[in-house]
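Starting from the known structure of chain A, fit chain B onto it as the hints suggest.
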Amino acid sequence: MEEQSDRKFSAQLSFEEVRLPPFEDILILGKKCPQGKHGVFKSIEFLIPNEFEVFEINDEFVETVFINNRVLKKMEKDEILKILKEKVFPYVSASEIIKVDFKLRIYYDSVGGEFAK
Amino acid sequence: MKIEDFILFDYPKIMPYVGILSIENKLKENEYLVIIDENNNFQGILTSSDIISRPHKLAIDCMTDKEIILTDDTYPLLLDKFKKTPSVALPVFKDGKFLGILEKNTIIQKIKSKMDSFQKEAEISQSIKTEFLNNFSHELRTPLNQIIGFMNIISELSSDDLDKVDDQYYSIVKKSSEQFLGTMDDLIELSRINSGEEVQIFKDCSIIESIFNNLSEYFEIKAQYTNNKTKLHFINPDKTRTIYSDIKRIKQILFHLINNSIKHVNEGSVIEICYTLINEEQNICFQVRNSEKLILDSDYTNIKIKDSKISTSYNSLQNGFDFGLGIIQKIADLINGKITFETDSNNNFTYSLEMPYIAEVMK
Numbered sequence: 001m002e003e004q005s006d007r008k009f010s011a012q013l014s015f016e017e018v019r020l021p022p023f024e025d026i027l028i029l030g031k032k033c034p035q036g037k038h039g040v041f042k043s044i045e046f047l048i049p050n051e052f053e054v055f056e057i058n059d060e061f062v063e064t065v066f067i068n069n070r071v072l073k074k075m076e077k078d079e080i081l082k083i084l085k086e087k088v089f090p091y092v093s094a095s096e097i098i099k100v101d102f103k104l105r106i107y108y109d110s111v112g113g114e115f116a117k
Numbered sequence: 001m002k003i004e005d006f007i008l009f010d011y012p013k014i015m016p017y018v019g020i021l022s023i024e025n026k027l028k029e030n031e032y033l034v035i036i037d038e039n040n041n042f043q044g045i046l047t048s049s050d051i052i053s054r055p056h057k058l059a060i061d062c063m064t065d066k067e068i069i070l071t072d073d074t075y076p077l078l079l080d081k082f083k084k085t086p087s088v089a090l091p092v093f094k095d096g097k098f099l100g101i102l103e104k105n106t107i108i109q110k111i112k113s114k115m116d117s118f119q120k121e122a123e124i125s126q127s128i129k130t131e132f133l134n135n136f137s138h139e140l141r142t143p144l145n146q147i148i149g150f151m152n153i154i155s156e157l158s159s160d161d162l163d164k165v166d167d168q169y170y171s172i173v174k175k176s177s178e179q180f181l182g183t184m185d186d187l188i189e190l191s192r193i194n195s196g197e198e199v200q201i202f203k204d205c206s207i208i209e210s211i212f213n214n215l216s217e218y219f220e221i222k223a224q225y226t227n228n229k230t231k232l233h234f235i236n237p238d239k240t241r242t243i244y245s246d247i248k249r250i251k252q253i254l255f256h257l258i259n260n261s262i263k264h265v266n267e268g269s270v271i272e273i274c275y276t277l278i279n280e281e282q283n284i285c286f287q288v289r290n291s292e293k294l295i296l297d298s299d300y301t302n303i304k305i306k307d308s309k310i311s312t313s314y315n316s317l318q319n320g321f322d323f324g325l326g327i328i329q330k331i332a333d334l335i336n337g338k339i340t341f342e343t344d345s346n347n348n349f350t351y352s353l354e355m356p357y358i359a360e361v362m363k
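Each protein sequence line maps, in turn, to chains A and B.
Just so it is clear: in the first sequence, position 5 is 5 by the working numbering, and no numbers are missing.
Just so it is clear: in the second sequence, position 193 is 193 by the working numbering, and no numbers are missing.
Among these hints, one or two may not hold up.
As the list claims (entries may be wrong) - List of simulated lysine to aspartate or glutamate pairs, EDC-like, C-alpha gap at most 16 angstroms:
(1) A:32 - A:56
(2) B:57 - A:96
(3) A:42 - B:37
If you're looking for bench data, these hints aren't it; they were derived computationally from the structure.
Chain A with its partners taken away, still in its complex shape:
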């Protein structure tokens, strides 16, 4: 009598919604990361044209920063880059690509004026 063995498999399956590109606000490219600025820029432009600006950085480990125009509308690029240099760059390795969530909230101390008559 022939022995028959059933083959079974199991896989862990999960899924979630993703959006392309897989970042929204800021992307930092290390100098030795697999993708360079031209490749990333071309990809982003194909996916969401005219939504990001590219800034070349003079840093030991960071090559390029992509900043969403929505963020640039709210804050000057020099200010953003200054914050990134102080708070994020020290943690970036040359071979990494870092996604930065930059949610900006703007407060006014007081807003005054006159009612229209």
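Below, chain B alone, put in the same frame as chain A:
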């Protein structure tokens, strides 16, 4: 050497967005790749060291900034740019337009070859200068020493002996003075010709036999204090033939050709000086050549040591004061002459001076 002469138009190229993995082998073979886009625009040069410093996936992402060569860059600037950029090739631009690629090895080889050539020229020039100065020194001292020597002899003679002084002594002193003056004239003239100054010519009529006799006398006097036993044979088929030209220049040229010839033959050789009319007597060709033919005593001027009580302290004038052919040609140019030199495998040579011939001018 212009930079444009070394531009390479056929260079290894790739598109900007090709993957690095696909061009790795090509890069290893060529040491560099030129990135040209689909519109034929130059994007940059990719080298192996670029991939190490920027290990991205696309060729254009790996490129680093490099120096650009302009067509009017000097060679020191060119070498400086190659030194700053670790690349074996750089792009060449003119008026903002990409022309091609300049490879470092090509330019270095050319510069090296040019430097070798300059060095050889400088060495030859220095050697010629040294020999010229040495020879010139001999040519000045020889007649001066003759004059001084004979005047000393004459001054030591008693009043009785003075009457018996051979005319030959006075003749030697006179000819030595003329020789000295001639050497100084030659030097001044050489300076003028070399500086491009206009040199005048003075035409006169003379019988060719007279020119030959002057030369013969000069070399006879000169040989009195040298060990040179070279024989001069002047061949003149028509002793009444005249020539109308700058006689001084003709003598000057023949003198230097004979002098050069004496330098290049062995002792005891014979040098012939002759002329031929050519082109239906429109031109005359003077020739100075070495000859192995036997010559009878009465036919030649035998330059050999004569007994003399005057001793000299300088060396043989084997390498006598002579102008190179280039300078002799410059003198010949003054009388529309052309100097040629021929030699054969048996070391026989002929110097020729070909010039327009006018027998005489009716006044």
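Now the hints, each set against the structure:
In summary, the hint linking residue 32 of chain A to residue 56 of chain A is supported, as the alpha carbons are separated by about 14 angstroms, within the 16 angstroms threshold. Distance check on the hinted pair: residue 57 of chain B and residue 96 of chain A sit about 14 angstroms apart at the alpha-carbon level, within 16 angstroms; holds. For the hint linking residue 42 of chain A to residue 37 of chain B, the alpha-carbon distance of about 15 angstroms falls within 16 angstroms, and the restraint holds.
The structure is consistent with each of the numbered hints, conforming to all of them.
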